[in-house]
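**Student:** Now for the letters of each chain:
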Amino acid sequence: MTSAVVASVRNLRVSFATPRGPISAVRGIDLDVRAGQCVAIVGESGSGKSVTARALTGLLPRHARLDVERLEISGRDLRDASETQWRRVRGAHVGLVLQDALTSLDPLRPLGKEIGEVLSAHHLARGRVARRTRILDLLGAVGVPQPELRAKQYAGQLSGGLRQRGLIATGLAGEPELLIADEPTTALDVTVQAQILDLLAAQKANGTAILLISHDLAVVANVADRVLVMREGQVVETGLTTQVLARPSAAYTRQLLDAIPTGASKGYRLATPEGAASPLAGPARVQLPPRTVHSDITVLSARGLRKNYQHRHATLRAVDDVSFHIAAGETLGIVGESGSGKTTVARIALGLITPDEGEVRVGDTDWSRLPESQRRHHRRDIQFIAQDPLSSFDPRYTVRQIIAESLDAVGTPRPQRHSRVLEVLELVGLGADYANRHPRSLSGGQRQRLSIARALAPRPKLVVADEPVSALDVSVQAQILDLLAELQAELGTAILFISHDLGVVHHIADRVLVMQHGRVVEQGPVDDVFYRPSHPYSQQLLRSVPTLTVPDAAHAAGA
Amino acid sequence: MATVDLLTAPAPSDTAGRTAAARRIPPVGVLVALTFLVLVVLVIAFPGLFSNAGPLYADPLHVFQKPSGQHWLGTDQLGRDVYSRILYGARYSIFIGAAATAIAVTVGVVVGLVAGLGGKITDEIATRLLDVIAAFPGILLAIVLITIVGRGIPTLIVALGLWSVPRYARIVRAETQVVRESGFVEQAVTFGLRRRTLIARHVLPHAVRSIPILATMGLGYSILAASSLSFLGLGAQPPSPEWGAMLSDGRNYVDNAWWISVFPGIAIVLVVLAVSTVGRYLQRRLENRDLV
Numbered sequence: 001m002t003s004a005v006v007a008s009v010r011n012l013r014v015s016f017a018t019p020r021g022p023i024s025a026v027r028g029i030d031l032d033v034r035a036g037q038c039v040a041i042v043g044e045s046g047s048g049k050s051v052t053a054r055a056l057t058g059l060l061p062r063h064a065r066l067d068v069e070r071l072e073i074s075g076r077d078l079r080d081a082s083e084t085q086w087r088r089v090r091g092a093h094v095g096l097v098l099q100d101a102l103t104s105l106d107p108l109r110p111l112g113k114e115i116g117e118v119l120s121a122h123h124l125a126r127g128r129v130a131r132r133t134r135i136l137d138l139l140g141a142v143g144v145p146q147p148e149l150r151a152k153q154y155a156g157q158l159s160g161g162l163r164q165r166g167l168i169a170t171g172l173a174g175e176p177e178l179l180i181a182d183e184p185t186t187a188l189d190v191t192v193q194a195q196i197l198d199l200l201a202a203q204k205a206n207g208t209a210i211l212l213i214s215h216d217l218a219v220v221a222n223v224a225d226r227v228l229v230m231r232e233g234q235v236v237e238t239g240l241t242t243q244v245l246a247r248p249s250a251a252y253t254r255q256l257l258d259a260i261p262t263g264a265s266k267g268y269r270l271a272t273p274e275g276a277a278s279p280l281a282g283p284a285r286v287q288l289p290p291r292t293v294h295s296d297i298t299v300l301s302a303r304g305l306r307k308n309y310q311h312r313h314a315t316l317r318a319v320d321d322v323s324f325h326i327a328a329g330e331t332l333g334i335v336g337e338s339g340s341g342k343t344t345v346a347r348i349a350l351g352l353i354t355p356d357e358g359e360v361r362v363g364d365t366d367w368s369r370l371p372e373s374q375r376r377h378h379r380r381d382i383q384f385i386a387q388d389p390l391s392s393f394d395p396r397y398t399v400r401q402i403i404a405e406s407l408d409a410v411g412t413p414r415p416q417r418h419s420r421v422l423e424v425l426e427l428v429g430l431g432a433d434y435a436n437r438h439p440r441s442l443s444g445g446q447r448q449r450l451s452i453a454r455a456l457a458p459r460p461k462l463v464v465a466d467e468p469v470s471a472l473d474v475s476v477q478a479q480i481l482d483l484l485a486e487l488q489a490e491l492g493t494a495i496l497f498i499s500h501d502l503g504v505v506h507h508i509a510d511r512v513l514v515m516q517h518g519r520v521v522e523q524g525p526v527d528d529v530f531y532r533p534s535h536p537y538s539q540q541l542l543r544s545v546p547t548l549t550v551p552d553a554a555h556a557a558g559a
Numbered sequence: 001m002a003t004v005d006l007l008t009a010p011a012p013s014d015t016a017g018r019t020a021a022a023r024r025i026p027p028v029g030v031l032v033a034l035t036f037l038v039l040v041v042l043v044i045a046f047p048g049l050f051s052n053a054g055p056l057y058a059d060p061l062h063v064f065q066k067p068s069g070q071h072w073l074g075t076d077q078l079g080r081d082v083y084s085r086i087l088y089g090a091r092y093s094i095f096i097g098a099a100a101t102a103i104a105v106t107v108g109v110v111v112g113l114v115a116g117l118g119g120k121i122t123d124e125i126a127t128r129l130l131d132v133i134a135a136f137p138g139i140l141l142a143i144v145l146i147t148i149v150g151r152g153i154p155t156l157i158v159a160l161g162l163w164s165v166p167r168y169a170r171i172v173r174a175e176t177q178v179v180r181e182s183g184f185v186e187q188a189v190t191f192g193l194r195r196r197t198l199i200a201r202h203v204l205p206h207a208v209r210s211i212p213i214l215a216t217m218g219l220g221y222s223i224l225a226a227s228s229l230s231f232l233g234l235g236a237q238p239p240s241p242e243w244g245a246m247l248s249d250g251r252n253y254v255d256n257a258w259w260i261s262v263f264p265g266i267a268i269v270l271v272v273l274a275v276s277t278v279g280r281y282l283q284r285r286l287e288n289r290d291l292v
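The listed protein sequences correspond, in order, to chains P and L.
With our numbering as the guide, the letters of the first sequence map in order to residues 1 to 559.
With our numbering as the guide, the letters of the second sequence map in order to residues 1 to 292.
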């Protein structure tokens with residue numbers, strides 16, 4: 001590593017002025033990125049990683065205060081740079097790629113024009129022909145097929161992967177020495193994510209310096225040469241990626257690594273308990289309480305489900321011949337990429353959508369064919385945990401009212417209702433103090449705990465959870481997954497667990513269904529499917545998952 | 001509220017204190033409007049407290065008297081005291097406006113809810129019906145109805161109410177369609193609530209959120225429309241001291257006795273202004289409520 005330093009930062013501090021006084025978001029970090037090197041900043045929400053990225057592009061909000069000893073990009077001192085100076089640097093020397101390409105690309109401008117904008121801003125590729133050639137070259141370079149066609153299309157007409165590639169093309173258009181990618185793959189399916197990561201690796205090989213911001217250690221593991229782990233505005237650990245992931249020196253890094261659900265963590269707790277004896281001691285995992293699956297009692301069975309949607313004369317097969325059953329106390333996982341039909345299956349199971357064909361049986365009733373006026377009497381047995389808990393709470397309601405309503409619906413008399421509310425609040429680790437709070441004042445993890453409390457209050461036989469942890473930080477996700485596993489062991493509730501995250505499903509599920517284009521391509525016990533996939537699509541899916549190769553080896557060695 | 005530049009703002013506690021105070025006490029204009037409305041309510045309830053002349057007492061010896069100590073706002077062509085007629089007339093004008101608004105809100109909420117919750121066909125029928133009503137100029141609709149049913153205050157109220165239905169129904173329909181797709185309604189379905197419980201608890205309260213504000217503004221509008229119809233001779237009939245009818249009466253004498261028509265006009269303007277000032281203030285307050 002003797003290549004030139006492209007970006008150099010010393011003692012970067014950023015604070016925000018608020019009515020309650022200044023809040024410091026970044027508290028003195030040092031950073032060097034060299035040509036052809038990828039440096040990753042990893043951290044959870046609120047760690048200051050995105051603020052750091054913004055500081056390096058001069059895009060801090062107006063009420064932010066920047067205080068830095070050295071801020072150099074391509075040899076330019078940018079400590080007190082004016083907006084005009086920054087404008088000359090952005091695009092030409094620093095390219096920025098943000099998380100959501102749909103909001104970052106102008107919906108009213110074709111992709112080609114968007115790239116042309118960057119070129120004209122920096123007086124590159126002058127002349128119509130030269131510019132057009134350059135745009136098509138760039139699209140080709142980021143792996144967009146049929147660049148002539150795509151250049152004419154608008155953001156809304158492109159798939160998520162193509163949009164992200166297009167956005168990277170705009171970031172690269174000015175041939176910047178430094179490319180900053182803030183969560184570039186977070187909104188993408190795993191197979192597309194793998195392609196985008198390959199693309200970043202290729203750019204690195206071309207000599208571009210890359211600063212990658214991510215919450216996902218596994219994403220970082222495969223691309224980054226160096227990692228900075230941030231927490232509350234400070235770097236808690238920094239070093240070569242292989243070293244940090246294999247032999248983390250900070251307890252927090254260890255904790256983050258342990259929190260990642262995988263096949264190896266199955267049956268163990270993910271969250272590090274408070275005040276645990278030296279977490280650096282290695283993979284001293286705590287076992288989860290054992291569960292009992294009554295495979296002879298079926299709580300829900302689905303047979304030959306089909307659901308089609310008409311879209312502009314074309315028939316979209318959302319669900320195509322799907323059958324499964326869930327036994328008492330069992331966890332059935334459904335994995336698949338966006339558009340695979342997994343959420344539609346969940347909604348059919350919940351009786352929110354009527355299937356075109358097939359039936360869902362709950363106990364002895366064909367529940368999918370009942371009119372709602374009769375179906376509602378069976379609803380206490382199946383409860384729902386949604387991905388975004390906040391939107392699933394009536395904004396006028398307090399925590400107490402939210403839980404009490406699920407009891408009211410099943411006819412629990414008022415006095416018992418009250419004690420049950422406090423009981424389930426205790427169960428999910430919130431406690432009675434929360435009863436009169438409004439969900440808006442709760443954190444993401446607390447909201448999901450509330451959602452779990454509400455689902456469990458009427459003592460259901462089955463809980464349908466649609467992406468219940470995908471909006472959470474990894475350490476909060478770990479707590480919620482631990483909680484679900486504990487409660488399941490205690491209460492014997494079956495769970496239908498839907499997720500796009502294969503690691504999460506591997507960790508929590510007993511059996512799994514892999515869905516693609518509305519069909520179940522493979523199903524079976526989760527270890528069989530994930531360790532020995534037989535269908536080509538499952539194989540591709542599992543190959544695409546970025547893995548923490550290094551620490552996994554350490555786990556194996558330690559075990 | 002004006003944006004506060006956080007960098008130049010004074011000490012944080014100061015800023016917080018001022019905004020909290022600003023939130024509690026309404027601006028002066030709103031206070032004036034509120035006081036005025038309280039007075040209007042008193043006038044409606046006890047007009048006799050403010051005037052001892054009867055609104056219908058005609059004094060042929062004192063016609064077309066200028067405003068004076070005796071007759072504050074003068075007398076009309078029959079020698080009736082304009083001041084006391086305006087006081088007693090508040091009843092008619094404001095009652096007509098309020099009753100029409102009440103009809104409009106009730107019918108509007110029901111139609112909006114049915115359209116928002118019903119299937120495609122129900123929605124289509126309701127929406128087209130609302131379009132038809134809204135396409136009529138309000139006065140024309142009232143004239144048609146009055147021609148069919150006959151003159152009188154009840155007809156006037158129904159006509160005005162009917163004409164305002166789309167204002168409320170459209171808002172409620174749109175809100176209902178948003179709320180019915182929301183996460184918490186779906187969640188409530190999975191609890192197994194009765195449909196009517198679900199609608200009453202989770203749909204209706206959200207769908208009617210903006211109705212109180214719209215209604216205060218609509219009230220001002222209805223008073224104005226009622227007065228216009230009375231002016232045309234289609235509303236309250238003589239000798240009722242309805243403000244619009246008084247304006248209409250005074251029209252013939254505006255050259256030599258301007259006070260007969262000008263003062264009822266001012267009364268209409270003041271009430272409408274006050275109601276909509278309070279309405280707008282409530283709207284701002286309620287809209288910001290969720291952000292605080």
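In short, the hints are calculated from the structure, not lab data.
Hints should not be assumed to be uniformly reliable.
Below 25 Å or equal to it, Euclidean Cα-Cα: the simulated SDA-like pairs (lysine to any residue) are [claimed, not checked]:
#1 P/461 / L/43
#2 L/120 / L/110
#3 P/152 / P/311
#4 P/266 / P/524
#5 P/461 / P/315
#6 L/120 / P/371
#7 L/120 / P/175
#8 L/120 / P/372
#9 L/120 / P/291
#10 L/120 / P/400
#11 P/204 / P/444
#12 P/204 / P/141
#13 L/120 / P/36
#14 L/66 / L/52
#15 P/461 / L/186
#16 L/66 / L/102
#17 P/204 / P/157
#18 P/461 / L/110
#19 L/120 / P/374
#20 L/120 / P/127
#21 L/120 / P/308
#22 P/461 / P/438
#23 L/120 / P/544
#24 P/461 / L/66
#25 L/120 / P/524
#26 P/266 / P/306
#27 L/120 / P/323
#28 P/461 / L/51
#29 L/120 / L/99
#30 L/120 / P/317
#31 P/461 / P/291
#32 P/461 / L/195
#33 L/120 / L/102
#34 P/204 / P/524
**Student:** All hints, please: hold or fail.
**Tutor:** Now the hints, each set against the structure:
At roughly 64 Å between alpha-carbon atoms, residue 461 of chain P and residue 43 of chain L are farther apart than 25 Å, so this suggested pair is violated. A C-alpha spacing of about 17 Å is found between residue 120 of chain L and residue 110 of chain L, which places the hinted pair at or below 25 Å, so the restraint holds. For the suggested pair residue 152 of chain P and residue 311 of chain P, the alpha carbons sit about 23 Å apart, so the restraint of at most 25 Å is met. For the given pair, residue 266 of chain P sits about 16 Å from residue 524 of chain P by alpha-carbon distance, which is consistent with the 25 Å threshold.
For the hint pairing residue 461 of chain P with residue 315 of chain P, the CA-to-CA distance comes to about 35 Å; that exceeds 25 Å, so the pair is violated. The straight-line distance between the Cα atoms of residue 120 of chain L and residue 371 of chain P is roughly 19 Å, inside the 25 Å bound, and the hint therefore holds. About 53 Å separates the Cα atoms of residue 120 of chain L and residue 175 of chain P, which puts this hinted pair outside 25 Å; it is violated. Simply put, residue 120 of chain L and residue 372 of chain P have alpha-carbon atoms about 19 Å apart, close enough for the 25 Å limit, and the pair holds.
With a CA separation close to 48 Å, the supplied pair residue 120 of chain L and residue 291 of chain P exceeds the 25 Å bound. Restraint check: the Cα-Cα separation between residue 120 of chain L and residue 400 of chain P comes to about 37 Å, which exceeds 25 Å; the hinted pair is violated. For the given pair, residue 204 of chain P sits about 35 Å from residue 444 of chain P by alpha-carbon distance, which is inconsistent with the 25 Å threshold. Using a Cα cut-off of 25 Å, the hinted pair residue 204 of chain P and residue 141 of chain P holds, with the two alpha carbons roughly 13 Å apart.
Proposed proximity of residue 120 of chain L and residue 36 of chain P is contradicted: the alpha carbons are some 59 Å apart, above 25 Å. The suggested pairing of residue 66 of chain L with residue 52 of chain L holds, with an alpha-carbon distance near 19 Å, which does not exceed 25 Å. Under the criterion of a C-alpha separation no larger than 25 Å, the hint pairing residue 461 of chain P with residue 186 of chain L is consistent with the structure, at around 20 Å. The straight-line distance between the Cα atoms of residue 66 of chain L and residue 102 of chain L is roughly 39 Å, outside the 25 Å bound, and the hint therefore fails.
A threshold of 25 Å between alpha carbons decides the hint, and for residue 204 of chain P with residue 157 of chain P the separation of about 29 Å lies outside it, so the pair is violated. Between residue 461 of chain P and residue 110 of chain L the CA atoms are separated by roughly 39 Å; this puts the pair beyond 25 Å, and the hint is violated. With a C-alpha separation of about 24 Å, the suggested pairing of residue 120 of chain L with residue 374 of chain P holds against the 25 Å cut-off. With a C-alpha separation of about 54 Å, the suggested pair residue 120 of chain L and residue 127 of chain P falls outside the 25 Å cut-off, and the hint is violated.
Distance restraint check for residue 120 of chain L and residue 308 of chain P: the Cα-Cα separation of roughly 19 Å lies within the 25 Å cut-off, and the hinted pair is therefore satisfied. Distance restraint check for residue 461 of chain P and residue 438 of chain P: the Cα-Cα separation of roughly 28 Å exceeds the 25 Å cut-off, and the hinted pair is therefore not satisfied. Distance hint between residue 120 of chain L and residue 544 of chain P is unfulfilled; the C-alpha atoms sit about 44 Å from each other, more than 25 Å. For the proposed pair residue 461 of chain P and residue 66 of chain L, the alpha carbon gap of about 85 Å is over 25 Å, so the pair is violated.
For the suggested pair residue 120 of chain L and residue 524 of chain P, the alpha carbons sit about 42 Å apart, so the restraint of at most 25 Å is broken. As the CA atoms of residue 266 of chain P and residue 306 of chain P are separated by approximately 33 Å, the hinted pair breaks the 25 Å bound. Note on residue 120 of chain L and residue 323 of chain P: the hinted pairing is violated, with a Cα-Cα distance of about 32 Å set against a maximum of 25 Å. Between residue 461 of chain P and residue 51 of chain L the CA atoms are separated by roughly 74 Å; this puts the pair beyond 25 Å, and the hint is violated.
Simply put, residue 120 of chain L and residue 99 of chain L have alpha-carbon atoms about 32 Å apart, too far for the 25 Å limit, and the pair is violated. A C-alpha spacing of about 23 Å is found between residue 120 of chain L and residue 317 of chain P, which places the hinted pair at or below 25 Å, so the restraint holds. Between residue 461 of chain P and residue 291 of chain P, the direct Cα distance comes to roughly 15 Å. Compliance with the 25 Å bound is thereby established for this hinted pair. For the proposed pair residue 461 of chain P and residue 195 of chain L, the alpha carbon gap of about 23 Å is at most 25 Å, so the pair holds.
Among the hinted pairs, residue 120 of chain L with residue 102 of chain L is inconsistent with the structure: their alpha-carbon atoms are about 28 Å apart, more than 25 Å. Distance hint between residue 204 of chain P and residue 524 of chain P is unfulfilled; the C-alpha atoms sit about 40 Å from each other, more than 25 Å.
Comparing the model with each numbered hint stated earlier shows that hints 1, 5, 7, 9, 10, 11, 13, 16, 17, 18, 20, 22, 23, 24, 25, 26, 27, 28, 29, 33 and 34 do not hold.
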